[in-house]
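**Student:** These protein sequences, in sequence, are chains A and B. One point on numbering: in my numbering, the residue at position 98 of the first sequence is 106, and numbering is uninterrupted. One point on numbering: in my numbering, the residue at position 200 of the second sequence is 208, and numbering is uninterrupted.
I should point out that these hints are in silico values taken from the structure, not numbers from a laboratory. Here the structure is a predicted model, which means the values were calculated and not measured. Heads up, a few of these hints could be off.
Here are the simulated SDA-like cross-link-like pairs (lysine to any residue), alpha carbons at most 25 Å apart as the crow flies [what the hints assert, rightly or not]: (1) B:K112 with A:V174; (2) A:K95 with B:K112; (3) A:K186 with A:G238.
Covered, in the sense of this in silico footprint (three residues per stretch, anywhere, with C-beta under 8 Å from a C-beta of chain B), are these stretches of chain A [as the list claims (entries may be wrong)]: (4) 27-39; (5) 55-62; (6) 78-88.
Idealized CB from N, CA, C, for every residue including glycine.
Protein chains: 2
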Amino acid sequence: MKPAVILIRPQLSENIGTTCRAMLNCDLTELRIVAPRENWLSDKAVAASSGADALLHSAQVFERTEDAIADLHRVYATTGRNRYMVKPVVTPRRAAEEIRAHAKDGLKCGVLFGPERTGLENDDVSLADTVVTVPLNPDYCSLNLAQCVLIVAYEWFQSGEPAEPVAMTKGAQPPASKKDLVGFFDHLRRELDDCGFFRVDDKRPTMMRNIRNMFERADLTVQEVRTLHGIVHELVTHRQRKAASPQD
Amino acid sequence: MKPAVILIRPQLSENIGTTCRAMLNCDLTELRIVAPRENWLSDKAVAASSGADALLHSAQVFERTEDAIADLHRVYATTGRNRYMVKPVVTPRRAAEEIRAHAKDGLKCGVLFGPERTGLENDDVSLADTVVTVPLNPDYCSLNLAQCVLIVAYEWFQSGEPAEPVAMTKGAQPPASKKDLVGFFDHLRRELDDCGFFRVDDKRPTMMRNIRNMFERADLTVQEVRTLHGIVHELVTHRQRKAASPQD
Numbered sequence: 009m010k011p012a013v014i015l016i017r018p019q020l021s022e023n024i025g026t027t028c029r030a031m032l033n034c035d036l037t038e039l040r041i042v043a044p045r046e047n048w049l050s051d052k053a054v055a056a057s058s059g060a061d062a063l064l065h066s067a068q069v070f071e072r073t074e075d076a077i078a079d080l081h082r083v084y085a086t087t088g089r090n091r092y093m094v095k096p097v098v099t100p101r102r103a104a105e106e107i108r109a110h111a112k113d114g115l116k117c118g119v120l121f122g123p124e125r126t127g128l129e130n131d132d133v134s135l136a137d138t139v140v141t142v143p144l145n146p147d148y149c150s151l152n153l154a155q156c157v158l159i160v161a162y163e164w165f166q167s168g169e170p171a172e173p174v175a176m177t178k179g180a181q182p183p184a185s186k187k188d189l190v191g192f193f194d195h196l197r198r199e200l201d202d203c204g205f206f207r208v209d210d211k212r213p214t215m216m217r218n219i220r221n222m223f224e225r226a227d228l229t230v231q232e233v234r235t236l237h238g239i240v241h242e243l244v245t246h247r248q249r250k251a252a253s254p255q256d
Numbered sequence: 009m010k011p012a013v014i015l016i017r018p019q020l021s022e023n024i025g026t027t028c029r030a031m032l033n034c035d036l037t038e039l040r041i042v043a044p045r046e047n048w049l050s051d052k053a054v055a056a057s058s059g060a061d062a063l064l065h066s067a068q069v070f071e072r073t074e075d076a077i078a079d080l081h082r083v084y085a086t087t088g089r090n091r092y093m094v095k096p097v098v099t100p101r102r103a104a105e106e107i108r109a110h111a112k113d114g115l116k117c118g119v120l121f122g123p124e125r126t127g128l129e130n131d132d133v134s135l136a137d138t139v140v141t142v143p144l145n146p147d148y149c150s151l152n153l154a155q156c157v158l159i160v161a162y163e164w165f166q167s168g169e170p171a172e173p174v175a176m177t178k179g180a181q182p183p184a185s186k187k188d189l190v191g192f193f194d195h196l197r198r199e200l201d202d203c204g205f206f207r208v209d210d211k212r213p214t215m216m217r218n219i220r221n222m223f224e225r226a227d228l229t230v231q232e233v234r235t236l237h238g239i240v241h242e243l244v245t246h247r248q249r250k251a252a253s254p255q256d
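Please construct the entire structure, taking both the sequences and the accompanying hints into account.
**Tutor:** Have a look at this one:
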């Protein structure tokens, strides 16, 4: 059960459109609007939604906040400043976890967002169970409406099936095996011996180890090891060719 | 050491302005711009920055991505789609942790953001150590430039001193002590006894316990307990007054 996004008295229809975009980015689809000042289906709103205008068309519109939240079990109110009300104040991350937990219990949630300039009125906040405040730079914490919706929606989306924090993209390229790597190291050492790279014999094992570490760290693919063989081969061949015809 | 935000060939100066706003919201202050199409100090850009235009004025501008990242130790490239390059791909949350860790090691980081329509070119991505991809609704994952900057900057800010996930705001109102509560329960029980609320004497302890639980759960302040005393008192007095003058 996804939470509803509830815009209270939004001033600019363009911001309703950008809100839809932010919602759909994070797979939220239920928009409710209370007493919008402008037409939420204006050309500006549709253009600003960048293809997420299905949310504008399916939006439910209400006159009063009370009506917009009537079917909900838990309501969160986003505010940028302390309202000195006796209510829990949570981060968007915590709100997302709570909303997921409520959904498991069959409870439907909604999040209130206030008008652009002023934010929610205290009467709207008092209808909510919980206040949500985005932790931001205290010296510059005014968020644009769609940015605030984005952060709340983003945290909700992240709190679902978590994405792998790190993945490697290699496309169709299989990773090199240790055998591939050792083959390359052998090739390289042979050529380095041959060209006199290891001037001091004592340092040879350490230097070779450092070189090996460097390439090990690079997490190479089969194709990349092939490329490295080619590079060494070409460098050597060019040197030999140059030696064969010094006038070149 | 804060990471630099690096916009590569941004198309609209307005988006450079909204990027500054998103950066400053999250306490990022170092903007670099590579080959902007429009004047990054245009009136549109300044207006869109909503007071964060100091970042526009202090922005460094470069012709090539290579020059913009020359002094950095670790570079992250934001992309919306898989580029099939052999690079780690991380979430913004993970990138934020890495950037914090690099900063502790004295390493300066930067994050590349591509042009609005097309995103980063593969040549730019290949200059980066790591790709950052925001986990979003796979059916609708195109983020506006400033929204993408906001999410990366937001995660960086959250990865610093973590905010309390839950706090209670009570302003200057001290929480009620158990003595305050018990005093109220005594008052309420007295009046309920008096008005005949407990019709079945057997059920009286259970009913009283349920009523107590309800108020305990509400985590009341001293002032709120005072208000509850007042409510009970007024209800009773009105009843008594009515009883005294039934013609009323």
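**Student:** Give me the numbers of the hints this structure contradicts, sorted from smallest to largest.
**Tutor:** 2, 6
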